[in-house]
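> Now for the letters of each chain:
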Amino acid sequence: MITDSISVPREDRLSAIRTSKLFWPLAALALLLSFNLITDPSFFAIEYKNGVFFGSLIDILNRAAPVALLALGMTLVIATGGIDLSVGSIMAIAGATSAWLISHEVVNSLWLILAISLGVSLLAGLWNGLLVTALGIQPIIATLILMVAGRGIAQLITNGQVLTFSHEGFEMIGGGAFLGLPLSISIVICSYALALLLLRKTALGLFIESIGSNPIASHYTGIRSNLVKFSVYGVCGVAAGLAGLILTSDIQGADANNVGLWSELDAILAVVIGGTALTGGRFSLSTTLVGVVILQTLTTTILTHGLPVQYTLIVKSAVVIIVMLLMSAEFRHQMKSLFQRGQRSE
Amino acid sequence: MSDVEILAVTGLSKSFPGVKALNDVSLSLREGEVHALMGGNGAGKSTLIKCLTGFYSSDSGKVFLAGKDISSLKPDQIQTCGISTVHQEVNLIPTLSVAENIFLGRQPKIRGRIDWKTMNSKARAVLARLNLDIDVTQMLSSYSIAIQQMVAIARGVDMSARVLILDEPTSSLDLKEVEQLFSVMRRLTAEGTAIVFVTHFLDQVYAISNRISVLRNGHYIGTYEKADLPQNALISKMLGKTISDKTDSSTKKQSQDQDEKEVYLTASGIGKSGYIEPIDLKVHQGEVIGLAGLLGSGRSEIAKLLFGVVQPDTGRLYVQGTEQLFSSPRKAIQQGLAFCPEDRKKEGLIGELSVKENIILALQAKRGWYRALTGVQQEKIAKDFIKSLKIVTSDLNKPVKELSGGNQQKVVLARWLASAPSFLILDEPTRGVDIGAHQEIVRIIKGLSKQGLAIMVIASELEEVVDISDRVIVLKDRKQIKELSGDEISEANVLSSIAEGAL
Ligand SMILES: Nc1ncnc2c1ncn2[C@@H]1O[C@H](COP(=O)(O)OP(=O)(O)OP(=O)(O)O)[C@@H](O)[C@H]1O
Ligand SMILES: [Mg+2]
Numbered sequence: 445m446i447t448d449s450i451s452v453p454r455e456d457r458l459s460a461i462r463t464s465k466l467f468w469p470l471a472a473l474a475l476l477l478s479f480n481l482i483t484d485p486s487f488f489a490i491e492y493k494n495g496v497f498f499g500s501l502i503d504i505l506n507r508a509a510p511v512a513l514l515a516l517g518m519t520l521v522i523a524t525g526g527i528d529l530s531v532g533s534i535m536a537i538a539g540a541t542s543a544w545l546i547s548h549e550v551v552n553s554l555w556l557i558l559a560i561s562l563g564v565s566l567l568a569g570l571w572n573g574l575l576v577t578a579l580g581i582q583p584i585i586a587t588l589i590l591m592v593a594g595r596g597i598a599q600l601i602t603n604g605q606v607l608t609f610s611h612e613g614f615e616m617i618g619g620g621a622f623l624g625l626p627l628s629i630s631i632v633i634c635s636y637a638l639a640l641l642l643l644r645k646t647a648l649g650l651f652i653e654s655i656g657s658n659p660i661a662s663h664y665t666g667i668r669s670n671l672v673k674f675s676v677y678g679v680c681g682v683a684a685g686l687a688g689l690i691l692t693s694d695i696q697g698a699d700a701n702n703v704g705l706w707s708e709l710d711a712i713l714a715v716v717i718g719g720t721a722l723t724g725g726r727f728s729l730s731t732t733l734v735g736v737v738i739l740q741t742l743t744t745t746i747l748t749h750g751l752p753v754q755y756t757l758i759v760k761s762a763v764v765i766i767v768m769l770l771m772s773a774e775f776r777h778q779m780k781s782l783f784q785r786g787q788r789s790e
Numbered sequence: 004m005s006d007v008e009i010l011a012v013t014g015l016s017k018s019f020p021g022v023k024a025l026n027d028v029s030l031s032l033r034e035g036e037v038h039a040l041m042g043g044n045g046a047g048k049s050t051l052i053k054c055l056t057g058f059y060s061s062d063s064g065k066v067f068l069a070g071k072d073i074s075s076l077k078p079d080q081i082q083t084c085g086i087s088t089v090h091q092e093v094n095l096i097p098t099l100s101v102a103e104n105i106f107l108g109r110q111p112k113i114r115g116r117i118d119w120k121t122m123n124s125k126a127r128a129v130l131a132r133l134n135l136d137i138d139v140t141q142m143l144s145s146y147s148i149a150i151q152q153m154v155a156i157a158r159g160v161d162m163s164a165r166v167l168i169l170d171e172p173t174s175s176l177d178l179k180e181v182e183q184l185f186s187v188m189r190r191l192t193a194e195g196t197a198i199v200f201v202t203h204f205l206d207q208v209y210a211i212s213n214r215i216s217v218l219r220n221g222h223y224i225g226t227y228e229k230a231d232l233p234q235n236a237l238i239s240k241m242l243g244k245t246i247s248d249k250t251d252s253s254t255k256k257q258s259q260d261q262d263e264k265e266v267y268l269t270a271s272g273i274g275k276s277g278y279i280e281p282i283d284l285k286v287h288q289g290e291v292i293g294l295a296g297l298l299g300s301g302r303s304e305i306a307k308l309l310f311g312v313v314q315p316d317t318g319r320l321y322v323q324g325t326e327q328l329f330s331s332p333r334k335a336i337q338q339g340l341a342f343c344p345e346d347r348k349k350e351g352l353i354g355e356l357s358v359k360e361n362i363i364l365a366l367q368a369k370r371g372w373y374r375a376l377t378g379v380q381q382e383k384i385a386k387d388f389i390k391s392l393k394i395v396t397s398d399l400n401k402p403v404k405e406l407s408g409g410n411q412q413k414v415v416l417a418r419w420l421a422s423a424p425s426f427l428i429l430d431e432p433t434r435g436v437d438i439g440a441h442q443e444i445v446r447i448i449k450g451l452s453k454q455g456l457a458i459m460v461i462a463s464e465l466e467e468v469v470d471i472s473d474r475v476i477v478l479k480d481r482k483q484i485k486e487l488s489g490d491e492i493s494e495a496n497v498l499s500s501i502a503e504g505a506l
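Residue numbers (the working numbering), protein chains in the order written: chain A, 445 to 790; chain B, 4 to 506.
Isolated chain B (complex conformation):
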């Protein structure tokens, strides 16, 4: 890292109707540094990034790249100047192939036509830098959100020259992928590239960044050398208050009384060829089951099979003793299931509808069209969840697509909590959620299971799975390989089961 300033933001402000998203923010970026940009959900991180990359025109303030004023340039011009960005919401084109997405707008050509062979082989090489070996001619949408995120990163990394901006690139990645990304980032910084890195994972911040800047409520709080800013200090700067250290482990329930708990759902040998190998599963009331495994190990697949999104071709499913066949999510919901999906943009949010409508939607669908919730009831439910999940929104009638990423996630989660389920399946429930709200969500999950709800949690953060689960099912290559319960549950045990499974 040198002391040469490459990017400078001065006095940037940006308002949306009802919110001042950025209020006189300044920032300075040096060549070859990893600069972490921190702040709670809705603090203005993504807005700042969109302002300095030309996607939003700021109300006031300037942006300089190597001394040159780039404030009024268009996004593509800014990109040509050497700033490449990976946005929080993967904004690639789902119906194009992986290779086309990576080279969109800069396809290699021979005699004016796209040179597919070169493009595909180059795309493979770009992905190989991130240790990703997939078929680049496949449509992007055929891959999981994590792979799509990796593709977006690969594109950004490949284009980057002077500045690379990564807005929560690791939110759905596993340890291994994160390591891979970090090694690429280190290589880039060694070549002099400056990197802006946004994340809610504090350990990642401390592992990779040189300096940390903090935003809170649209205000610039300060920039600090990593060494001068211990975790607790960082948290209090982000949230404006201190939070109690990690949730106390005493809330961890004993799993001995498991046999006494009533079985809620039994899956015996349900599977679908080419999708997930047959699994056996018993879910008890008041129990939290964690699904652990690497990227693509089949965790989300199990959830979708149980919830009726995908129909199994073998096995049987019982809910409270009676056999069920879920031909659609609706059937599953009527039997008391709820499923908060991983891909919030595609499978969760109804972007145009308001925050309130998004929160009550599943409950309303469960009640049927003719038993409409009254305006007062809707408002009460929405307000309760906005408060308990700390959803930052200026108005409960605001279109949900205008919320910050983490707050959108909380809205989707709130929808399923509000649907009053008996069995709640959560696929990455805390994706992109800040530490304050993260703790709150973990607390709510534990509270619900105490009240007798059966819960299944999928999280790429192993620590989280281990923390909240009474039982952990380890998956590998779309197969159930091990089940851990009680004292066996630890990060080390999960990792070693995955490793052993390889033999």
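This is chain A alone, in the form it adopts within the complex:
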């Protein structure tokens, strides 16, 4: 009896931790990192040279930045019950726009370049929103349109070539450093902080989850579903544009054919690994961020262990399957009962 009353709360607390959304993604990340620690102790080494930090971990975060931005917008879109396939193309559009502005010397001010490129991305995102809300087109189809057309538009802007340029200020976005860390990391942190503030200090986050969980009931409750969805696609567009600018600035050129190619899939994967259901409803930006880091760590791990790049995709999908299985309550339940049956038969 006494042991009972002690063990029950602890059971409860343990299971509360285990069912917490952050648990499985973080566990997967920890596993990946410890694998690296064992096979390559230098993985965790961080050097400080000329006021800048270097190391695999920093590299992972830096490379993860564009997908982190995409996944931010994607989380919100998915939470409303939608999906955005066009983010890769919006990256290309934003990159092409900025490269065109610089190389044709249309404007020179960094802020104007940013404002115009992000403005174009916003329009692209709102276009998706318009198709989804006003015309009622299924999100997957509506954004497929821009996914295909968007890359075409970007190619038109760059004339089908890799448009290279040099602009001192603009190069800082993908290549600069702040507090000894790549600037892109700060951009990601600021974007997530801003989003969290906006979503959780206002009722926007609640409305988004409500719409994704039950659109009909939300309509009855007086939530402006269409306006919320429209804005969320806009935000997703801007976030994608920012990701595109980071990559474009990093290579000092706009490659309309390849920038952000297939990265919408990485973004969706990160969201799903982070535990936000594709059916919409509850979302969590922090777990999405963990999902992004898992994906990039995986890619980096494969590369640093000398595995051919071709394996990346296969290993990635295997890890995704494992994380998803672990997150599924049904699967855990079945494993548990399988385990118990095994015990009983012993």
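Be careful, since some hints might not be right.
Said to hold, decoys possible - Using 30 angstroms as the maximum straight-line C-alpha spacing, the simulated DSBU-like pairs for lysine-lysine come out as follows:
| no. | chain 1 | residue 1 | chain 2 | residue 2 |
| --- | --- | --- | --- | --- |
| 1 | B | 229 | B | 393 |
| 2 | A | 465 | B | 349 |
| 3 | A | 465 | B | 401 |
| 4 | B | 229 | B | 179 |
| 5 | B | 390 | A | 645 |
If you are wondering where the hints come from, they were derived from the structure by calculation, not from laboratory data.
Using the hints, position chain B with the ligands against chain A.
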């Protein structure tokens, strides 16, 4: 009824995080009996049913069907053994036709393909047993929640062999449908089928059941012969305390001073062809208007028209003298309306969100996204309603879909009460709510109308409509046929107006 035991449950326990839903429950069911399973909201009735039909795996305890241990079987295996269940939440597939739903998983086939003709005609025959004549090729979701409930019952009845379990099958049915269901139940028991019947309507329990088992807070209280358990005793066993007899009728307000009350909303000739015939309506502040009529008479349709869910194609609507056009519920809410819909799963609950978030949602939407209620404010509002409506939940941050059916209903009701409306439309506000909370809700409605709120109530329970209304509008075949007020309001008068309307 024989004395042969067909189903036995022994020592069943089931816990969810934070709640022990069933605590060492035992139950015995005899061939050919109607066994009422009673208990307040959240007592564990549905959980018990889900455990013994294999939907939940119980933590401990066994279930025997005719002596055979079926505790570890899967739901479909248990169904094949001869237990068919109609769950509290209609769990059919909304996008399939009525006939497909009735024969889901057991479609008649010829040469490996579905035999649509046979299936449709059989479905019609099955529904005819319940006196229901509808187009079985239509999508299930195109019908009202009551019809969907009838379809679910028809499916259960058609499959039942040895045991039929009905979890609140009558919660949105009218008198006539209930009678029909009872006659089918009597026929089944005569053939030896044992029936488990869950309801919160005491008169239905006493009309049909042989024995009564009571659960309270997950504990098994006992099983009684109906004759040995008078209503009052049953109530005190269910709630753990006695409650005062029916609300005293002195609270019934005089409707003479109606002319002095200010008109809040006027509908003149608003209607929509094929949906509801044009109606005229004046709603006064501090007045409760009841809508009475049979299933499909157009009660919910009026509510949806007023609330902007559906737009009228004729007529005008005035709120406090100014003409309004509600193109969406949002517009109506901003003019002070609130509408607690009948279909709580589809139109009410936001399943994944917490109890707290569900309660404050309409108020928050009314305030706008940028004026967020603080955590403290949210908690206070939620706690107040959890207390006043007796919502049973282990935690106010629990996802609302994990609450028992009756408690979910109270959450939806709380949302609209919390939105501080001037005109409150309630469509079946007490659906699935236990007697204790039922009285409390009626009391709250009366209290609100005293404070000057205009209220419109739709309830299939005629007694309830008559009890709380100052005015009753009788509907038939989607037409307004009569208006009763003051002393004219009685169950007999409502029924006779409906009957006369037929002429
Ligand atoms: N899936 C679930 N997860 C967590 N808690 C649950 C779940 N299902 C039921 N419960 C809890 O178990 C208790 C019993 O619920 P149950 O649905 O069995 O009540 P009930 O007797 O059917 O009530 P009602 O009359 O309202 O339908 C409630 O406290 C409920 O919150
Ligand atoms: Mg129940």
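> Is residue 229 of chain B within 30 angstroms of residue 393 of chain B, Cα to Cα?
With a Cα-Cα distance of about 28 angstroms, the restraint between residue 229 of chain B and residue 393 of chain B holds, given a limit of 30 angstroms.
> Taking 30 angstroms as the top limit, are the C-alpha atoms of residue 390 of chain B and residue 645 of chain A close enough?
holds, 27 angstroms
> Hey, residue 229 of chain B versus residue 179 of chain B, does the alpha-carbon distance stay inside 30 angstroms?
holds, 24 angstroms
> Would the hint linking residue 465 of chain A and residue 401 of chain B be met if the CA-CA limit is 30 angstroms?
Measuring from Cα to Cα gives roughly 15 angstroms; hence the hint holds.
> Is the straight-line distance between the alpha-carbon of residue 465 of chain A and that of residue 349 of chain B 30 angstroms or less?
holds, 26 angstroms
Violation of the numbered hints given earlier is absent; every hint is satisfied by the structure.
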